[in-house]
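*Asks:* In terms of mature numbering (1 follows the signal peptide of the UniProt record, and there is no 0), the sequence shown is residues -19 to -1, 1 to 173.
Since the hints were derived computationally from the structure, they do not count as laboratory data.
Note that the coordinates shown come from a computational prediction; the quantities given were computed from them, not determined experimentally.
You can take every hint at face value.
Pairs of lysine to any residue, SDA-like flavour, derived with a Cα cap of 25 angstroms:
| id | residue 1 | residue 2 |
| --- | --- | --- |
| 1 | Lys164 | Ile138 |
| 2 | Lys93 | Val155 |
| 3 | Lys53 | Asn3 |
Here are the simulated distance ranges between beta carbons:
| id | residue 1 | residue 2 | range |
| --- | --- | --- | --- |
| 4 | Ala130 | Ala58 | 31 to 37 angstroms |
| 5 | Thr31 | Lys135 | 25 to 31 angstroms |
| 6 | Asn173 | Asn3 | 33 to 39 angstroms |
| 7 | Asn25 | Asp5 | 15 to 21 angstroms |
| 8 | Pro100 | Lys66 | 18 to 24 angstroms |
| 9 | Lys135 | Arg61 | 23 to 29 angstroms |
| 10 | Lys53 | Thr160 | 27 to 33 angstroms |
We put the beta carbon where it would ideally sit given N, CA and C, even for glycine.
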Amino acid sequence: MKKLAIGLLLSALSLPAFANTNPDWTPFFKSWENGCDFTPSNENLFRSLTPDYDHWDNAYQKQNKNVYKPQKLILPAKYRAAVTKNISIVSNGKEFGQTWDDNLFQSKIKVKGTYYGLPMDEIGFLGLMGSGVQIHYFTVNASHSKAQAVLRKKAHIKKGYSESGDNPYPEMEVFAHPTNSSKTIIMCDLSN
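Please build the complete structure, drawing on both the sequences and the hints.
*Replies:* This is how it looks when you write it as structure tokens:
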């Protein structure tokens, strides 16, 4: 029995370290600097955060008081240990200070790690059913002015960057969080 325990311990120690619980998310979101281009990894993650309209589940809605059934998260291996396992789903805009109707949904996951050295907080998707609203975002734990200063120095925005959201083309945007001044929202609004 003792030999078995030692053998298991040695084999566990010889495995490569898998979980980087504080990864650098900069490479994951780097493509956003190019007019909100999405990599296959971006597409997979945000598809898994988006409600599955094709398989609407009224039974799930009745049981869970929510019309949006969470899907399985799809992430590259190096990021999996840095996210919460459960997708949080809200079906109104109160978190962002909005009073929109119940067709608004937000799904998000808490994350650990950094983006250009700024501590990450969450990754999410915000949409308005039947309207074409599709906002992909992540938040960092930094004030708006600090996040802007870091991005101006380190990011290489190639096209369509706006800090005000006045440009109608898809672009990476940086906003102060409306209800928490110590957070900043970095988003790609792909609404049509």
